[in-house]
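Q: Given these sequences and hints, build the entire structure.
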Amino acid sequence: MAKSKAPAIQEIEKQLKQKKILPVYYLFGEDTYLVESIVDAIEKAVQPFIASDFDKETVYAENQSYASIIGLASTFPFGSEKKLIIVKQAEKLKEKKEKTEKTEKKEIVNYFQSPADFTVLVFIHDGTITNPTSDPYKTLASESYLFEAKELKGKSLIDWLISTVEKKGKTISYENAQMLTDISGENRNTLESQLEKIFIYVGDNKEITIDSIRGLSTSLKQYTIFDLQNAIGKKNKSAALKVAFNLLKNGMEPIQIIAMLNKYFTSLARLNELSSTNTNEFQVAKIMGTHPFYLKDYHSARRIYSDKHLADAFSALLKADLSIKTTSLDDYTLISVLIAEIIPD
21 MAKSKAPAIQ EIEKQLKQKK ILPVYYLFGE DTYLVESIVD AIEKAVQPFI
71 ASDFDKETVY AENQSYASII GLASTFPFGS EKKLIIVKQA EKLKEKKEKT
121 EKTEKKEIVN YFQSPADFTV LVFIHDGTIT NPTSDPYKTL ASESYLFEAK
171 ELKGKSLIDW LISTVEKKGK TISYENAQML TDISGENRNT LESQLEKIFI
221 YVGDNKEITI DSIRGLSTSL KQYTIFDLQN AIGKKNKSAA LKVAFNLLKN
271 GMEPIQIIAM LNKYFTSLAR LNELSSTNTN EFQVAKIMGT HPFYLKDYHS
321 ARRIYSDKHL ADAFSALLKA DLSIKTTSLD DYTLISVLIA EIIPD
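Residue numbers for the sequence shown follow this note's numbering, so the first one is 21 and each next one is one higher.
There's no promise every hint is true.
[Said to hold, decoys possible] Distance ranges between label pairs, derived from CB positions:
1. Q38 to R323: 50 to 60 Å
2. T123 to K269: 18 to 28 Å
3. Q35 to I307: 32 to 42 Å
Source of the hints: derived by calculation from the structure; they are not laboratory data.
Every residue, glycine too, gets a C-beta built ideally from N, C-alpha and C.
A: Now the structure itself:
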């Protein structure tokens, strides 16, 4: 797959703030949350130029062709200054049978090179583009209409989370934001949903603390990945299974559980080395990628898990990861086997 050199979709936000509206936007990438947010921003920017609902239309590409999209975009508005057309699942655009693909692609390329000034045409392409150097993507890129939504990871995701909280008039520390991403995963739709619950839970309190994050999980009778780590750290198999099943029931994927447990055991393996230095506990927690609140549980677990036990745990995690890719085991059986191998009878 050729690498895309399309600018980040966040560039659109900057342009809109400068009152710059493009005639064509082709949005693609893995971050569906960001794509949806940008489409909303484009709609709000175009809305003042639309006087009739007839000049605002959303279509699905699987029911359209290049020619039909050109036809929609080239038709004058009913009475508005501009019209807005949103094309979803743009990767499914088809060619009319009476025309060749080459002919239709040439027509859409021609449109992108000279688009109607009264139309704002927004394409939403699910996922990545397999061949970004081919047309129409090549032309879209050359005309600066192609934008990629890359998923935020690590520090960038946590920074976004902190910024989102601040926009709501509240604060959250970096460590607590990291803990929330560990609990909820890195999907921003899920994170935003969790934040909305937390905002209601904390009420007028300005700070989102570790107690409010843990308190929400308790009030909803939901366990977190930290509860699973704690049960496994104590080698309490029945508790670990109970928590794991609750996590699966509430939508956590097995691959996410495996990834978080791999991170957990990697941290346990490093704990003795880090603790033997002059590094303070706060820094140790930061290096290990956990919250200082849970560090005492790590120390307790490390006294229970010998180096050999850690090696066995890593072997079980690798086996579970391979099982996801090579077998048809259901989620509950797969995680049950994993926990049984980490905590044998």
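Q: Each of the hints needs a verdict: does it hold here or not?
A: These are the hints, each one checked on the structure:
no., hint, verdict
1, Q38 to R323: 50 to 60 Å, "holds, 59 Å"
2, T123 to K269: 18 to 28 Å, "violated, 53 Å"
3, Q35 to I307: 32 to 42 Å, "holds, 40 Å"
Of the numbered hints given earlier, the model fails hint 2 alone.
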